[in-house]
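Enquirer: Chains as they are written, first to last, in my numbering: chain A, 1 to 248; chain Y, 1 to 347.
Each hint should be verified, as a subset may be incorrect.
[To be verified] Dumping the calculated DSS-like pairs for lysine-lysine here, alpha-carbon to alpha-carbon at most 30 angstroms:
1. K36(A) x K78(A)
2. K78(A) x K18(Y)
3. K344(Y) x K74(A)
4. K36(A) x K224(A)
5. K119(A) x K187(A)
6. K119(A) x K79(A)
7. K126(A) x K36(A)
8. K344(Y) x K78(A)
9. K79(A) x K344(Y)
10. K181(A) x K119(A)
11. K224(A) x K181(A)
12. K187(A) x K78(A)
[What the hints assert, rightly or not] Residues from chain A that face chain Y, not an exhaustive set, calculated with beta carbons under 7 angstroms:
13. G37
14. L60
15. I81
16. Y86
17. P88
The hints are simulated quantities; they were obtained by calculation from the structure and are not laboratory data.
For glycine and all other residues, C-beta sits at the position ideal for the given N, C-alpha and C.
Chain by chain, the residues run as shown.
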Amino acid sequence: MKRVLEAEENAIRAHALRKEYDALVAVDDLDLGISKGMLYGMIGPNGSGKTTTIKMLVGLLRATSGEAYILGEKTPIKKNIARIGYMPQEMAVYTDLTVHESLELFAELYSIDDEVFAKREENLLKVIDLAERRDSLVSQLSGGMKHRVSLACSLIHDPDVMFLDEPTVGVDPELRVGFWKYFAELKASGKTVVLTTHYMDEAVRCDIVGMMRMGSLIGEGTPKDLMASTATSDLESAFMALSKKVSA
Amino acid sequence: MPLLMITIFGYTFGGSVKNVDVYVVNLDQAPQNESISAAIISNLQSRDTLNIVRIYTTADGVARATDKVQDADIWAAIIFNETFTQDVATASGGSGQPAMIGMTVDGTNPNIVSSISNELLTAIRAVLGQRAFLAPIAVAPNLIYGEDARFIDFFAPGVMGLAAMMVTFMLSIISFVHERSASTLDRLLSTPVTEGEIVTGYALAFGLVGLVQSCVIIGAAIILFDVMIAGNVLLALLVIFILGVGNQGLGFVLSSIAKNEFQAIQFLPLILFPSLLLSGVFWPLEAVPSLLRPVSYFIPLTYAVEGMRSVMIRGWSVDGIWLELLILTAFAIAMLVLSTLGLKRRR
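Construct all of the structure, not just a fragment, from the sequences and the given hints.
Expert: See below:
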């Protein structure tokens, strides 16, 4: 698969990244090159290797073979760990804490100054539309709201590279628009955002889309290019076409 | 699991005390073939309740044997004086004054004290036969520790340790399984916090919880039951804290095997039953069948219980329980290191 942006400076580079679980190949010799300030969307069905790829890049899983670099540091990164943010696919929030306490906890873990934290918290609570629930226990929130808290916790330290695993799951359409507006702002400020999504209509908003199936990248490019190369008018059809091509 | 539980329970519950280490000081001047003391000693050796580690036959043996009791290396020193056989003969003749067997004993454990006394009485009856009913021999116990100790004084340190152990282990294993299944652990590991910091943080927090638990128990024990505290209660609580930290680490290590909280709970009997039955909480180690006794020495609670009893009943300070503190600290460190390595390996 031809690598996009080979000549660009990459925030994330992966070469022949592979993850095996006994006989199962979860990620199959993946090459990635994601430049700074890019909004990269990884789409694919369940079990296609999206989450496994993200976890290897974040350093939570050891790759069976291959290598990856984040901000020039080989994974699992240590020096630049405070510059990455990670939102797991699962809820991953402490339900005994309030929304404020949750953000405060992660701010402390990243040694964020109180004043800086206060400003960021105010902004993030607006983005996730939970300003009024600041002092509510997370356990009292709906599933979608918990997911939003999870997103905010991964952004509180203003990371340069963000790995967001299904950030818009359980979020209503109106708020989803708000989220994408925020991702676009992050991108515009030079941040790199890598996200996974099931929603093909959302993936269209990404700069580059990587289509994964059975652990492999079956297509990668701008949404427009992907649709043009498969002679389709939407990403879902493009994905189906590429899947058929690979299976043949 | 149920098979393991019933096996341990069946073997240990109600086991009689065996192989209690004692010294004998036999100063009796009577010829060997006429010596009542020699016959009593021989009778004691024919059974396995007492383990006569050494027999002194000179006067300096009294001080040496007493020192051994004081250092808790042996449970008792049984002393026959120079005129013992002669005194028995005189008493049998109806003098009214029995011959005395001296017994310097560590009174930390009432079970042991009564076992030693009963064994001596059994031996006396066996040797004297019908003459035993004339009561020509009496045993004069001299308790070095635990004078006036009741069973609850023996029991309380074990219960404190057990409570701290259970609380920290259960909290730890359930919390960590939950952290793994809810992916909050993944989130933590993606932050600048290191594996060692996560493990240490949990260890300190849950160690403290175990400590608070034990403060409540010891407070209740003192106020409600007037439990004996001969030594520094803070030292006893230090023992508990270190035990708690170690068990928290054990919970952490085992949490990597359990996939969910339901599976995690099933580790509890595996840890609880051996600790309950084999670590000296309810009955002395000498009552644990010899087949299982080696297992006792691999259970951290054994050392915590011994350490706390030494502080609370014997009144010992750090230099008396240094070995127990060392073993518990080594266990805690080993568990914390294993926990950290387990987290690193996870990646």
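Enquirer: Please write out, lowest number first, the hints stated earlier that are contradicted by the structure.
Expert: 2 and 13
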